[in-house]
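Trainee: The sequence shown begins at 539 in our numbering and counts up one residue at a time.
Don't read these hints as lab results, they were simulated from the structure.
Every value quoted in this text rests on a predicted model; they were computed, and no experiment measured them.
Wrong hints could be hidden among the right ones.
The calculated lysine-lysine pairs, modelled on DSS-like cross-linking and capped at a C-alpha distance of 30 Å, are [said to hold, decoys possible]:
id	residue 1	residue 2
1	K596	K750
2	K548	K750
3	K548	K629
4	K665	K548
5	K665	K596
6	K665	K629
7	K750	K708
8	K665	K750
9	K708	K665
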Amino acid sequence: MTEREVPNSKAVLIACMPKSGSTFLSALLANMPGFRREHLVPSYYRREQELSEELIRKAFAATDTLRDAFRQGVVSAPTRPRGFVAQHHVKHNHETQSLVDAYGLVPVFLVRNIYDIVISLRDHVVKSAPYTAAAYVDEDMLGWPEERMHDFLVDLALPWYIHFYVSWWKAENRLLVTYEDLTRDPRQQVSRIARFGRLGWDEETFEATLAKVQGGDSTRKNVGQAGRGEVLTQDMRDRIQRYCSYYPDVDFEPIGVPSS
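Using the sequences and the accompanying hints, generate a full structural model.
Mentor: Pasting the structure below:
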């Protein structure tokens, strides 16, 4: 594949909020026939996840190599290699759109109720991974009382989430998927993605893959329930709604914020 030539294989970009079920969704797509998981950002440690064109080209080249090996009988697989999925907490911007257009990426915009996010993100940073790019979390902050950590995340992490949401809301030709719909009916959401990206999977494939993935334990669905954000104080909820009110032309209802 020459530079900036639209490839023949397919690639799904899950542009996702942290703690929105992206690991589960990427596992579903990566287990579809001919698909695998790839990483398209150079690093994850306390940094924004901007796509790397070099890594995109390498991922497509790897698909071509696998496809050639499959045709030659060098590797055995149940289906021909067809493409890959990548999940990244990447905001939409001019460069992101340029790469989506140049390489024919299928952008899936994955979000979750913003109040529930606060609770899930607090659990995540305290119990397993404090190095989120949404806000700078020091090690000595991990022992804070829950309410103080919730206050901190509302003030310093949620502006990142709102920036992420608005950037993709205003983008064209992307598919919005919510965590709530994904956990309620994952087969339907994968079917939507397949239609949107013209990926060619059938209903039997959805069912078989869903059974395979849900039978595993590596998808990090965690508590996996809606309504966890009800424990936030009214002041915290009011602050979140005030942040969103700066964008009167954006519909925040998909992340649980009612229209003003």
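Trainee: Work down the list of hints and note, for each, if the structure agrees.
Mentor: Structure-based check of all given hints:
1. K596 to K750: Given pair K596, K750 holds - Cα atoms ~28 Å apart, limit 30 Å.
2. K548 to K750: The hint holds at about 22 Å.
3. K548 to K629: Given pair K548, K629 holds - Cα atoms ~21 Å apart, limit 30 Å.
4. K665 to K548: This hinted pair is violated, its Cα atoms lying about 36 Å apart.
5. K665 to K596: Violated, at roughly 34 Å.
6. K665 to K629: The given pair, whose Cα atoms are some 26 Å apart, holds under the 30 Å limit.
7. K750 to K708: Violated. K750 to K708 sits at ~35 Å, over the 30 Å cutoff.
8. K665 to K750: 27 Å, holds
9. K708 to K665: 34 Å, violated
In the structure shown, a violation is registered for the earlier hints numbered 4, 5, 7 and 9, in ascending order.
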